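Residue numbers (the numbering used here), protein chains in the order written: chain A, 1 to 617; chain B, 618 to 791; chain C, 792 to 1159.
Please note that a few of the clues may not be correct.
[Unchecked claim] In silico lysine to aspartate or glutamate, EDC-like type, Cα no more than 16 Å apart, as pairs:
#: 1; chain 1: A; residue 1: Lys71; chain 2: B; residue 2: Asp777
#: 2; chain 1: C; residue 1: Lys1071; chain 2: A; residue 2: Asp159
#: 3; chain 1: A; residue 1: Lys379; chain 2: A; residue 2: Glu581
#: 4; chain 1: C; residue 1: Lys837; chain 2: B; residue 2: Asp777
#: 5; chain 1: C; residue 1: Lys1019; chain 2: B; residue 2: Asp693
#: 6; chain 1: A; residue 1: Lys147; chain 2: A; residue 2: Glu42
#: 7; chain 1: A; residue 1: Lys397; chain 2: A; residue 2: Glu499
#: 8; chain 1: B; residue 1: Lys783; chain 2: A; residue 2: Glu74
#: 9; chain 1: A; residue 1: Lys426; chain 2: A; residue 2: Glu456
#: 10; chain 1: C; residue 1: Lys1028; chain 2: C; residue 2: Glu1064
#: 11; chain 1: B; residue 1: Lys780; chain 2: A; residue 2: Asp126
#: 12; chain 1: C; residue 1: Lys988; chain 2: A; residue 2: Asp12
What the hints contain is simulated information worked out from the structure, not anything from laboratory work.
Here the structure is a predicted model, which is why all the values come from computation and not from measurement.
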Amino acid sequence: MKQSQSQMPKKDFFAPVKAWKFLGKKPVTIEVPNKVKREASERYRGFHINDWSKCIGCGTCAKVCPTDAIKMVEVPGLVQEDGKLPQRPVIDYGRCSFCALCVDICTTGSLQMTREYIHISDDPEDYIFMPTEKGIKAKRGLYEHGKAPLGWVKDKDSDLLDLERVLMEMVEPQERVRSFIEIVKGYSKEQAMKEAARCVGCGICTYTCPAHMDIPQYIESIYNDDLEEGLRWLYRTNPLSMVCGRVCTHRCESVCAIGNRGEPVAIRWLKRYIIDNVPLEEYSRILDINPEKKGKSIGIIGSGPAGLAAAYFLATMGYDVTIYEAAPRPGGVMRYGIPKYRLPDEALDKDIALIEALGVRILTNMKVGEDISFDEIAKKHDAVFLATGFGLGRSTKVPGTDHPNVKQALPMLKMIRDFLRGDGPKPPVPKKLVVIGGGNVAMDISRSMARLQMIEYGKVDVHTASLERTYEEMPADMDEIEEALEEGVKFYPGWGPIEIVIENDEVKGVRFKKCIRVFDENHRFNPQFDEEKQIFLEADMVIEAIGQAPDYSYLPQELQEKLEFFRGRIKTNEYGQTAIEWLFAGGDIVHGPDIVHGVADGHAAAKGIDLYLSSKE
Amino acid sequence: MTNSMNEALKAIEIFNPMVEEIDERQVKVSVGNDKLVSVLETLKSKGYSHLSLITCVDWIDDGQLELVYILFSWQDGGKFIVTTRIDRNNPKFVTVKEIWPVARFYERELHEFFGVEFEGNDDMKPLFLELWDEMPPLRKDFDPREYSKSKFPDRKYEKDVIKEAKIFRGEIDG
Amino acid sequence: MGEVKLFFGPNHPGMHGNFSVHMYVEGDIVKRARPLPGFLHRGFEKLMERRFWYSNIALIPRICVPEPDINEACYAMAIEKIAKLDVPERAQWIRMIILELARMANHLMAVGGIGGPLGLYTASHWGMADRDRILDIFEAISGARIYHMYIVPGGVRKNITPKIEEMIWKFLEYIESRFDDYENLIFKNRIVHSRLKGRIILTREHALEMGVTGVGLRATGVPYDVRKVDPYLFYDKVDFIVPTATDGDAFSRVYLKFQELKQSVRIIRQALEKMPQSDKVNVPISKGSALRHRVPKGMAYAHVESARGEYGFFVVSDGKNKPYRVAVRGASYPQGLYGIEKYLPGTRIEDVPVWLATMDVCAPEIDR
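Sequences are here, hints too, so could you generate the full structure?
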């Protein structure tokens, strides 16, 4: 080991006297405050500022604070909106330790520190502030109020959030386009727990979720590896979690606080992880639903998301529920609309099995108006919930659309699903296909047909044209567009159809004109075209997927007259109650456009029906 | 592991230790209550003569306290974390102050913070806390927040911080 | 003359921090002494169990005021051992620079501070003024002068910029130019010689029996230094020596600190030169936000050579997002408690503050 025996210095009478040489030197000390203002360093951790226009009130600063110095306080005048909570941090400088963890973890970057470090007051009330863009008002400070330069700010090294998602494994495009197997593989336990660890538990998502699911709570359950608790959280608000864990439009993720600077938490996949990993047999034990029977019965027309959700919640309240479904299998759009590669039958079956286990009767092949009259249903039940959805396709009505090889997306999707589960014949598979539309249904049919083409001919030839001029403008999810591109679908954004070209009674293709504007100044649908610019896309089949419409033909005329409609939708109160007090409605015929809205409507209607029937007693 | 650590481990093999390597110069050795002092003495004679720390971990779910003795060798930087578990409800052990005099104070501290009695060490006056009237505070079931709530008042602020912030932002006149 | 009971502290100009010694004296010789710690007990170990792994960095530097960084380093290194984290190389070098700067800050305060009990206040002022230059550097690096909260599990919080490196180079040059002044003022001073030389001698046997580490031990001729014996960070990649002395008296203890200042300058220079350029200075403890970092189950002890000797953190994790148990080994625990009781007796009253100062009895790290 290296060491040195130090030689001790000898004493010297004159040596200490040399210190006198400093007599004439300038002192290094400075007088504060007032005399000399000593500016703090660039990274100084001084008093906070908080940019209110950026702050979303997520409260992560308060959670990380090691001294409990930060409290979130609701600010009157701020309103709750998507992605924002109406609260702002209040900092108690009697507790603050100036560690800047709040700055480093701030989801938006609104909270920062200044170089102001002087604040002198003998009033204890002067040590609590709600920082604003101007910071705090430091008494006898270095700077004028609001003029203090920035000190400690977050950079990529000091960031305490995890901005990157745990990657979800997917089947490769070349492989998945050959069959209808499910694309997303789902998280493993380790992956799910890691992804759950990214959540800061702010709950901003809950407000935006149409069903107001307890998202932070079930994510925390995953983080704690307590899936049973997670399942209970899911079923509090959403009995179709299996379906929503796969095909929800996940608006929650678009407002996720982490998404402000990084990739939002994969809420949808985490939900799916819980459902995928709790066996169905365990459900009744975990959820422990034993309602007291109320002795009243409810009829529900339609077994789509809204119908099933309403049935679940009504059954848990103790009502006797019967669902009337026209199709041979329950599930509505989930059974017949969404392609199998996104939502396999088994997933849906699991959700429906639980609802049936609660005693809900689902009568299939029971088309109201044909197999049973509406009046009969109305007579049988104490209240009726309509959830019949948008089952009819819309047509562009351009010349040639009446040709039998010009099809509607919904019936085609239904035919494909029926074929895949062995319920029906093989749908016709064109060599060249043109799809008209830019929404999710257009993606579904394009990608389904691409698969069929691949299986049949070994190559994909699908051309999808939409009015919207960019991918961003298209109403379809970006994921869907990207995946479709990967699978070989060709897109033509910004083209409106002129006519279906038919020669010798056979479809030859579609002529399009350039769309230069879809919506007008008032955001109304009002497309304008440049008639000069045209293209022609070859096709031997054309599928229209430009939207759906409701079918109210099953409703008796006198009822229809009593109901109020707005743009094809039934008007209801917040509990789904229509102008007829025993008649409730929800789902696409009230709100649209996605499954989770249907679930939310079903939940609201269940509460509404319960209120209505309880008040009648 | 260093050579001398291997040798030391061989020497204590007869005491049936549970050995867990933490890094190349750190090993955790868990032994039974009756073996602990012998293990410590053996290790000391093998060069692990510096007592870095005596401490305790409360495994409340197992109903046990784990006594931890950290030994260090100035020869090669090897560290032994020697532990033994005792009953949490009747926490008694023997003193090691004869081996390391400073242990007297560590043991006094553990008595104060965990309630462990050390036979042979009768100086158990509280070392750090004055007028303590609760359970030993480093036990897991002691809640310091509840304690301080019961002992000290919370500060209440009167100031309307929201109004003040709005004045700062120029939303209202102040 | 009979025995008189005197109180040293808890508030005393000769004591660093609040610490009390009850002395029973006859004439001016201490006959018996009883240490009374606890005035600075803030319950750190309990508080740490109740905060996130990361949030604790705001708490731990407060255990020791003059040299807070050792707490951060020990805590971080113990966690890194349990979680088997790979800390970026640059971060390790930066940590070394921080630790050595902290050692210098502490030693400057101690070397100058010896002027306090001796009445040589110029030395104290010099020490504090020069220490302030180090605090300026800390302020530039970490945004705070005293509690840096800079070394975190997984690395350091922010990178060091070329401007800061320049600042450190300049400081090293400056402090070297000052060494002669210190030597002349303090170590060649007749008064210092007569008050410290050959006084308060601690023998090697006693030092080892007590478990004293640091300069207290090295002044007795034992070259024990954790940086050499159990190298952490990159101390095995730099060239430095461990100064020792044989007298075991107060003078050599202070003088060794002064010598260590020079070694620290050497270490920092080498670190600045060897430090690789990189923009990665930390890795997260685990995937997720700081609220939900997890450390796998396990326990580890990490120690460093602080300015006062072996300083260590023993950390236990049960796999959750907060530490299960953290225990701190204060460097001056042996001499502060056992040492005062056994070896303070026999000292003259006026030597008591010198004993406490040169043995580095540091109340906050004993009390925690």
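field: Pairwise hint evaluation, Glu74 (chain A) against Lys783 (chain B), where the allowed Cα distance is 16 Å at most
entry: Holds. Lys783 (chain B) to Glu74 (chain A) sits at ~13 Å (cutoff 16 Å).
query: Straight-line Cα separation of Lys1071 (chain C) and Asp159 (chain A) no greater than 16 Å?
result: 12 Å, holds
- prompt: If you draw a straight line from the CA of Lys780 (chain B) to the CA of Asp126 (chain A), is it 16 Å or shorter?
  reply: 14 Å, holds
message: Can you confirm whether the C-alpha distance between Lys1019 (chain C) and Asp693 (chain B) stays at or below 16 Å?
response: 9 Å, holds
message: Need the status of pair Lys1028 (chain C), Glu1064 (chain C): alpha-carbon distance at most 16 Å?
response: 12 Å, holds
field: Distance restraint between Lys397 (chain A) and Glu499 (chain A), which requires alpha-carbon spacing of 16 Å or less
entry: 9 Å, holds
query: Quick one, are Lys988 (chain C) and Asp12 (chain A) close enough, alpha carbons at most 16 Å?
result: Between Lys988 (chain C) and Asp12 (chain A) the Cα gap is close to 14 Å, so the pair holds against 16 Å.
message: Next pair to validate is Lys147 (chain A) with Glu42 (chain A); report whether the Cα-Cα distance is within 16 Å.
response: 15 Å, holds
- request: Assess, step by step, whether the Cα of Lys426 (chain A) is no farther than 16 Å from the Cα of Glu456 (chain A), and give holds or violated.
  value: Judged against 16 Å, a Cα distance of about 11 Å means the pair holds.
query: Is it true that the CA of Lys837 (chain C) sits at most 16 Å from the CA of Asp777 (chain B)?
result: Violated. Lys837 (chain C) to Asp777 (chain B) sits at ~34 Å, over the 16 Å cutoff.
message: Would the hint linking Lys379 (chain A) and Glu581 (chain A) be met if the CA-CA limit is 16 Å?
response: Status holds; Cα separation ~14 Å.
query: Under the criterion that the straight-line Cα-Cα distance not exceed 16 Å, is the pair Lys71 (chain A), Asp777 (chain B) satisfied?
result: At roughly 14 Å apart (the allowed maximum being 16 Å), Asp777 (chain B) and Lys71 (chain A) satisfy the hint.
Of the hints listed earlier, the one the structure fails to meet is number 4.
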